[in-house]
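Chains as they are written, first to last, in full-length UniProt numbering: chain Z, 1 to 598; chain L, 1 to 598.
Some hints could be false.
Chain copies aren't distinguished; within one or between two, either way the pair holds.
Keeping only pairs whose Cα atoms sit at most 35 Å apart, straight-line, the calculated DSBU-like set for lysine-lysine is [as the list claims (entries may be wrong)]: (1) Lys-464 to Lys-512; (2) Lys-272 to Lys-336; (3) Lys-79 to Lys-66; (4) Lys-272 to Lys-464.
If you are wondering where the hints come from, they were derived from the structure by calculation, not from laboratory data.
Protein chains: 2
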Amino acid sequence: MSQYTAPIRDMQFVMRELAGLDEVAKLPGCEEVSSDLVDAILDEANKFASGVLAPLNWSGDQEGAKWDNGSVKTATGWKDAYRQFTEAGWTALACDPQFGGQGLPKLIATAVMEMWKSANMAFSLCPMLTNGAIESITLRGTDDQKAAYLPKMVSGQWTGTMNLTEPQAGSDLAAVRTRAEPQPDGTYRIFGQKIFITYGEHDLTDNIVHLVLARLPDAPEGVKGISLFVVPKFVLNADGTPGARNDVHCVSIEHKLGIHASPTCVLAFGDKGGAIGTLVGEPNRGLEYMFIMMNEARFAVGMEGVALSERAYQHALTYAKDRVQGTEVGVRGGPKVSIIHHPDVRRMLMSMKSQTEAMRALAYVVGAATDMAHLHPDEAVRAQKQAFVDLMIPVVKGWCTENSIDIASTGVQVHGGMGFIEEAGAAQHLRDARITTIYEGTTAIQANDLIGRKIAREDGVTIKAVITEMRAVQARLGEQSGEAFVAIRKSLDVGISSLESAVEYILATYGKDVKAASVGSVPFLKLLGIVAGGWMMARAALVAQARIVQGAAGDDFYSTKIVTARFYADHILPQAHALAYSVVNGAAGAMDLSEAQF
Amino acid sequence: MSQYTAPIRDMQFVMRELAGLDEVAKLPGCEEVSSDLVDAILDEANKFASGVLAPLNWSGDQEGAKWDNGSVKTATGWKDAYRQFTEAGWTALACDPQFGGQGLPKLIATAVMEMWKSANMAFSLCPMLTNGAIESITLRGTDDQKAAYLPKMVSGQWTGTMNLTEPQAGSDLAAVRTRAEPQPDGTYRIFGQKIFITYGEHDLTDNIVHLVLARLPDAPEGVKGISLFVVPKFVLNADGTPGARNDVHCVSIEHKLGIHASPTCVLAFGDKGGAIGTLVGEPNRGLEYMFIMMNEARFAVGMEGVALSERAYQHALTYAKDRVQGTEVGVRGGPKVSIIHHPDVRRMLMSMKSQTEAMRALAYVVGAATDMAHLHPDEAVRAQKQAFVDLMIPVVKGWCTENSIDIASTGVQVHGGMGFIEEAGAAQHLRDARITTIYEGTTAIQANDLIGRKIAREDGVTIKAVITEMRAVQARLGEQSGEAFVAIRKSLDVGISSLESAVEYILATYGKDVKAASVGSVPFLKLLGIVAGGWMMARAALVAQARIVQGAAGDDFYSTKIVTARFYADHILPQAHALAYSVVNGAAGAMDLSEAQF
């Protein structure tokens, strides 16, 4: 099966030279972050990802998680890998030191998370969901809840889940029907069924902490009547150890296209008298609390897009270097060559590589901005960074995941006929990637959030500020000489203009014809992603050029980066114009048919 | 599981009003083709496709074909469906009446083939490969071979296969090593291993006729030393019945991403002394003969792109009309609505629908041109039509299949979380579609054929003639009033101009820098497909408008077609500009890295 090695050189480059690791290290609470520490963490994480997690990726996919009479058995090797994962302290990386976490910046945790997700996405979902649950309890839980659950979740001794979806309530959480009945002792009894619960049941730990959306008896209808509860699989004894089995049971797991090793559970609450839970925070504010961890989770799913793209790229690259087929184009009767010599294979590999690097850069920059938004001493800076993060989370989630499907599919194509054979492993990346544009909010949900809450509601203040920064980078490109910079500047210019026209349309239209604006929401999200990626690649090329001028020695990293940025400008950025055209002109054709005309 | 109903209204429209069914019916040998006959055939084919084949699509996928000690057992229901298929005479539809065929035009056979492929792609591969083998034997076989094999293959009593690929010889058939040793009796003994042989072994019929590429002992190296042989599974007795088991055995079948019910076989020839075969045509011209059926097969795979897109669209549409989720956009607290009301779901459905209709139109027009190229009394017309067919076959194959992956993936997205659950069936279409850009020549192989043999070699004569026709349609759009026609005209204009600039670049570059031209080959193929699709949709809109003016009554078909053409113009055609940009500007960024820099 395919190997994985973390792209540490590019990760270091992005962290240090694009995302501002040095600035992050100066933030209050980040005093211990040093260059050596970061090197050591990335190195250790790479060893774990490539040595322990990656070898289980394919076998886990083929074996899958198995349901048996309410229990779920994870694939061979999963328990041991999880034990090693927790023993090495990886679950605690970005968690609050108050509860045993290491309190490292999100920027560093992001790079490490990318490795887990590249190495073994199905495995990575377990700590990812646990982190979301930790975040919610940390921010909104009672002191008792924090004391009872957080240390064991941070250490990985217990895992966490998010229970939102019900059969009739997918994207529309207003339709949640699960109910919570208050008990005299201050606890609640939970009744209902939840579906699509990732790691809702498994054999990795001796307890599972479910965070569950449910309605109190007197709750208002809709989203403002949903509360959040902690419902452990085993109710805790007075000494905090797992006690009686709670009334939450896994009645089945799904047969899915991908992430086979990640059990996706149907959970029944209250079939035997009610599952015992405790309220998180205030009644009827559950959705708001869930959104705290949803932002985290959306960013993490965006990183799955980056990570799967990287894995698919490495997989395809290895094949392209090994597979000998045909002669050099234009050379008849010459020696057979590896397919990386063929122009279209080159084009495919460059397309995978350039987009993956652009996505990584944008995601890490958003990760660093999250650190700034949380920790910067200046309130104005915090607010500005938070606005940037809020704007970009749907883009990181939507754009990186949509791309990952195409990139994984391109990886299959590079393999030719072998790509369709499961044993080659390329198809698994496509199957795994296919969920990422759906869960934690579909691309359309991200796009509606983007044009509505993140752009129209604030009259475009943040997006306009971002565009100003893009224009400044474009101006700096003009100061460089050489064909590559001319090409990059030209495409970025057209890309930014396209973005501007689409922003103007959204701002002018959203208030008076929300449907027309919404037709363009997903094209707009892709447009913003593509142009933001071009902005990042342009920044990367400028840094690379400066380093070359300064005489940076060693590898070809910087010259490679400039070529990669140019490819992005020639092959990816030009799509911006078409997307803007659809945003601005595309509403009538999309909405004119009656339902009967379909 | 999902239902399928053939889109007979659109098929009829395309055949009659875009592809020139009446002209085809006037061709020599097509005298029996009448409007009533076409109606009856489409109606019967729809009954068979929807009633017999479609219900086996999902169960066949889940069960798959099973290998056991050299035999292959097809999925439950396959044998019965195949028997019914042959009894109804469907295998003989477009075959030569001399051997029992019905001799119907390709245009009609194309529509019928679309139905089989929409209903059950894995099933459809068996008659498709048989047809290819029939074509080769008909055109190049000896009289003995024709007499021995054709009647039984045309009737479906025996099936046929194409044996090209070997482990070291995928896209590069020059590397074929299977060898044929001449025997004193005029037969040959075949030794070697072939892979990826569709329906290379199965339990549907009492014989299988393998067409096999192999080298004679004195053959030159490379593609000019490959000969074509007929190798039956059972050697024929003197009376033509299957006799002794031949030395060709299925040693395994592949574990694939999709088309699980279609056995993809590894065939070993000659492990027990040599498989007995007879030569087709002249020695060393096997590849040339194989290409006769390859063109057929490439067109048929292009139709798989159309057919899977149609099936995925129908599947998604049904779900979108049924699934209730959320309220109308911009309406708070209103009633819950089906998701077809949501703008992004609309956009996705229109994108699927408009591209599927554009692809169908182009493919049927190419099908009709094939009939003209074969049968038209005027040699000049035949030559012109053949040039058009030669130009467009790689486009139908490459563009329709690439689109089908995206369209099937969009179908998954419309389903939300259910799309990822295998039982919902949407994922199967994506898994099945994923092979279509690979087999019978990858998209890159099609694209190289397109820019090299079909454009550069004839200095762009045919493509320029096509562009002239496109411009004429654009001019007619200018004579129409109304917003939709303004929008269609504007986009088509930009699309054609983009195509022109790319053609100029290919013509100027191919001779002096074939690598640079080849980097743009796949983007060029997609560009030509998108613009040709826009041309077809513009023609469709013009016909529709004329019918509306004439007072065509009844359904909303014509007004729907105009809206659909407009959607295509607003959302799909604008991509042409970006593709042309990549063709013209994209070589340097793609080729500048050394292999070590990856």
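Right, here's what the structure says about each hint:
1. For the identical chains of this complex, Lys-464 and Lys-512 are intra-copy neighbours only, at 21 Å inside a copy versus 46 Å across copies, given an alpha-carbon limit of 35 Å.
2. For the identical chains of this complex, Lys-272 and Lys-336 are inter-copy neighbours only, at 32 Å across copies versus 68 Å inside a copy, given an alpha-carbon limit of 35 Å.
3. Taking the shortest alpha-carbon separations for Lys-79 and Lys-66, both the intra-copy value of 14 Å and the inter-copy value of 33 Å come in at or below 35 Å.
4. Neither within a single protomer nor between protomers do Lys-272 and Lys-464 lie at most 35 Å apart by alpha-carbon distance, with minima of 55 Å and 75 Å respectively.
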